[in-house]
Amino acid sequence: QLQLQESGPGLVKPSETLSLTCTVSGGSISSSRYFWGWVRQPPGKGLEWIGCIFYSGTTYYNPSLKSRVTFSVDTSRNQFSLRLSSVTAADTAVYFCARQIRTSAWYFDYWGQGTLVTVSS
Amino acid sequence: QTVVTQEPSFSVSPGGTVTLTCGLSSGSVSTSFYPSWYQQTPGQTPRTLIYTTNTRSSGVPDRFSGSILGDKAALTITGAQADDESDYYCVLYMGSGIWVFGGGTRLTVL
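Keeping their order, the protein sequence lines are chains E and D.
Numbering-wise (the numbering used here), the first sequence opens with residue 1 and increments by one.
Numbering-wise (the numbering used here), the second sequence opens with residue 1 and increments by one.
Treat each hint with caution, since some may be false.
[Stated by the list, open to error] Not everything, but these chain E residues come out facing chain D in the computed CB check (under 7 Å): (1) 46; (2) 47; (3) 49; (4) 60; (5) 105; (6) 106; (7) 107; (8) 109; (9) 111; (10) 113.
Hints listed in this document are in silico derivations from the structure and should not be mistaken for laboratory results.
C-beta: ideal position from N, C-alpha, C; glycine also.
Full structure from sequences and hints, please.
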């Protein structure tokens, strides 16, 4: 059974960079069938797609966040990572990592449990 | 920027049928957007219900069904149960590696 687990600091100061890693177990990140994505959810609000990365390193970003987001992938560790720069209180959210099917059916099939990141001084 | 629209809230009686919709601020939703639907109980991880318009994910009861109704994607719950009370999100694939979530619909069963 595929599992995804987010990890990283739960508290980030304003103007600093938020960094999270998603570790994938029970399956390989190096598959042409999938993207590996990030979704966030501010407290009491809806889900927002941040973007996704292919195992080769190709990235796709939500245009509204593109200027501040960077993804990376480490296939040797079966991990992918998110960096969000210049954070503000508006970036406080639960951050989920997810697997996204990318061939003939485009959707999210596995999700991590999510991790709350609070932006505060 | 493309906005995916959903009803903010909906209510249904136990045993009743409800249809939630997913539209676009500009244009029509078709199967080419590969609409998918997710259920989320507050504080929980989203659960995949429907993908590619009308395919149920593994383990999803057949009272959940997806379709295109007019110019929108639709999620229909037939014979609603108390534990269907959740937030429901649709997602559209816009092409070129871009996905967009709708704002979600809070479904109340009462």
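Hint by hint, here is what the structure shows:
1. 46: Since the shortest Cβ distance to chain D is 4 Å, the answer is holds.
2. 47: Holds: closest Cβ of chain D sits about 5 Å from residue 47 of chain E, inside 7 Å.
3. 49: Holds - the Cβ of residue 49 of chain E comes within 7 Å of chain D, reaching about 5 Å at its closest.
4. 60: 3 Å, holds
5. 105: Hint holds; residue 105 of chain E Cβ to chain D Cβ min 5 Å, cut 7 Å.
6. 106: Since chain D brings a Cβ to about 4 Å from residue 106 of chain E, closer than 7 Å, the hint holds.
7. 107: Check passed: Cβ of residue 107 of chain E comes within 4 Å of chain D, closer than 7 Å.
8. 109: 6 Å, holds
9. 111: Holds: closest Cβ of chain D sits about 5 Å from residue 111 of chain E, inside 7 Å.
10. 113: 6 Å, holds
Going through the hint list in order, the structure satisfies each hint without exception.
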